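Asker: Residues per chain, in single letters:
Protein chains: 2
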Amino acid sequence: MAERAALEELVKLQGERVRGLKQQKASAELIEEEVAKLLKLKAQLGPDESKQKFVLKTPKGTRDYSPRQMAVREKVFDIIIRCFKRHGAEVIDTPVFELKETLMGKYGEDSKLIYDLKDQGGELLSLRYDLTVPFARYLAMNKLTNIKRYHIAKVYRRDNPAMTRGRYREFYQCDFDIAGNFDPMIPDAECLKIMCEILSSLQIGDFLVKVNDRRILDGMFAICGVSDSKFRTICSSVDKLDKVTTQAVLLQTPAQAGEEPLGVGSVAAGGRYDGLVGMFDPKGRKVPCVGLSIGVERIFSIVEQRLEALEEKIRTTETQVLVASAQKKLLEERLKLVSELWDAGIKAELLYKKNPKLLNQLQYCEEAGIPLVAIIGEQELKDGVIKLRSVTSREEVREVAEDLKSGQNRAFNFYYGTTPFSYKAQEA
Amino acid sequence: MAERAALEELVKLQGERVRGLKQQKASAELIEEEVAKLLKLKAQLGPDESKQKFVLKTPKGTRDYSPRQMAVREKVFDIIIRCFKRHGAEVIDTPVFELKETLMGKYGEDSKLIYDLKDQGGELLSLRYDLTVPFARYLAMNKLTNIKRYHIAKVYRRDNPAMTRGRYREFYQCDFDIAGNFDPMIPDAECLKIMCEILSSLQIGDFLVKVNDRRILDGMFAICGVSDSKFRTICSSVDKLDKVTTQAVLLQTPAQAGEEPLGVGSVAAGGRYDGLVGMFDPKGRKVPCVGLSIGVERIFSIVEQRLEALEEKIRTTETQVLVASAQKKLLEERLKLVSELWDAGIKAELLYKKNPKLLNQLQYCEEAGIPLVAIIGEQELKDGVIKLRSVTSREEVREVAEDLKSGQNRAFNFYYGTTPFSYKAQEA
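Protein sequences, first through last, are from chains F and U.
Just so we're aligned: 347 in full-length UniProt numbering is position 347 of the first sequence, and the numbers increase by one with no gaps anywhere.
Just so we're aligned: 45 in full-length UniProt numbering is position 45 of the second sequence, and the numbers increase by one with no gaps anywhere.
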């Protein structure tokens, strides 16, 4: 394999040389000569027998979340959800796909970015493009005229992804919307407040909120003498202009707000959509709505980059104690203890080995950031105690087995209370 | 509309009469006569003008989650996630769709149930059918040989839905899997333990765990003289037999376990899949795996039914206090206070009305289950205090405004501590 790797490297270098010569407009003879060399090397290399049958990748514009990325995601979601709940929102969920006709005529030119499902018989379906249209469908279908809800879910757009900047084809939206007939601007103001609260709590730096009301634009167009027939086209042009220069927000709704932290582009947007629900209602009854959407993917990128820069160690499990043994043939005893700890609600693990070495068990704790190890040995079993050791400080206490099992263990509770483990060890 | 409803009922009844006569093989004349009556009634009814342009529904086999259903879902997930974390699992997520070829050849006959996406140019994609194959792809792609992870997400099957029994085309799976080379049966035993812990915590009644090892069946077949060529077919027949009689578990994996609470069918299943990761690895390197999957949709159904039977009132928001006013023209003061409460981390709401009536504000609290109302009036503003009232007991205390805003309010803290609000009111 080492030989193959060397050959592959040679092919690569020779390919670069050929490209270089072509760029420099070298003589045809020289290029031909070098191409011949390249072909010879490629022939030597032959087909890669080890090449896998499957392309091992996620679809274009999508990604897996590793445990570390999930930790970031849960942290961000936690902040956002806490804010939405603080503002009294209920929560709903809708299917990942809708009837194709539900989405049709809602997104203008962007409709071409909708993922359709294959017609395998039955209904024609499309993946949701945002959470707003499914929300409007939900309101009309359930004849709701009044709700304040949030919805956090993935949406799908066949766009050109720019994943390094947090732009994906499958991405999360965190939406908060207020539907109902209310006095002007009160729900709108709350949406702005929510945006500010969330972006402040996330500590991703300074941000700028742009507030606009399309009726101002309407008035300017009227003064300029724009005819009704040209109105939509001009709006669309202004919209694009804005997107190109500042990557800001949608201009399709009467009122709106966008956020633009330095160098990141828009991470939140919102506005009114008073006509959408009426499009679904059989009698065209309108339900005025206002809402906001947080673009969390960009926020994930920022937080991930910050954590990487800090080289901060993030735990991806919450295990409190590893059940270990110092001698061989104690698998059953380890299983018994770990099982009793689980039943007592304690987060515990054991190595899936019959006779693991104590050193390996301690190393596992250090790698996984597990703070405590409960060690069983012949002597401890005889005495009816368990040795509880702090992995970092290496301090040890011998605890009555029954106490540990019942979750009433004092050292354990000390550790997970406000007092560090060492305090108990000194006291003992 | 009442007239129309009556006519519709008549059409329905006449239709039933015609069908009945046909079944009884009545005379042709009689049937003709009744069909004529039916057609006349239908003509009278005419087309339904109020019929909406859109079919207002979710796709077949899918559903929305209302705030109430979300409360059930979050409660169930919380129990399951706490258990998975107690066992030291990390968490991952994968895209909702995979390359079509990733799923191909993994599900045998069931492949016909996979949702494909329409070919809109680019890669051919399919919605995930379970979380196991994406997990195996994730392991191979990242060259992981050792991980314990959980994954809770929706999967998609073009199956015949039986939604009343919790069978959907879009449904959640809660998977816990242990991948790696370990000593025999230790991770398998933990998977069984996890199933039991979860089903016990959910308090959905007694359950039966069926444990099996397909190698026993292999041995029986060998003794019976089953040839290698017939082996797969016979396994498949036995598999179906089992499904028909007990709705139990998959028989495709060497070892397995299924759960069957009385009258509900299987709500969990699991087993080993030692060969799957190797199917993705370019060099066929195997990563032995064992895991379990909780079928939460059925559990949601059970819990929802139980709650309905109990007529238990479930709060769908967490709002702690409504900011209200007793007089008109206090919108700004209400907005100022609610804003300060939000900044102090208190869950608060206000009505989106300029001048709401106090009665309406109190009614809103009762409907939404909000326990406290902070009332601002002219006098309170002068005195720099806020009247804090318990909605149920109607007890009132006057609190210094600054204390309430800073979140340091004693009555408020008492209420949300262990002591009920009335305690503070008596003490005051």
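Hints are not guaranteed to be accurate.
One copy or two, it doesn't matter: identical chains are merged, so the pair holds either way.
The calculated DSSO-like cross-link candidates involving lysine-lysine, where the alpha carbons are at most 30 Å apart (straight line), are [unchecked claim]: (1) 148 with 75; (2) 154 with 75; (3) 387 with 328; (4) 387 with 193; (5) 60 with 118.
Quick caveat, the hints were computed from the structure, so don't treat them as lab data.
It should be emphasised that the depicted structure is a prediction, and the values quoted were computed from it without experimental measurement.
Asker: Please go over all the hints and tell whether each is borne out by the structure.
Answerer: Verification of the supplied hints:
For a Cα distance limit of 30 Å, the shortest separation of residue 148 from residue 75 qualifies both inside one copy, at 23 Å, and across copies, at 21 Å. In this assembly of identical chains, the alpha carbons of residue 154 and residue 75 lie at most 30 Å apart whether taken from the same copy (17 Å) or from different copies (21 Å). In this assembly of identical chains, the alpha carbons of residue 387 and residue 328 lie at most 30 Å apart only when taken from the same copy (16 Å versus 68 Å across copies). Taking the shortest alpha-carbon separations for residue 387 and residue 193, only the inter-copy value of 25 Å comes in at or below 30 Å, while the best intra-copy value is 53 Å.
In the homo-oligomer, the alpha carbons of residue 60 and residue 118 lie at most 30 Å apart both inside one protomer (18 Å) and across protomers (15 Å), since each shortest distance falls under that limit.
Hint violations for this structure: none, all hints satisfied.
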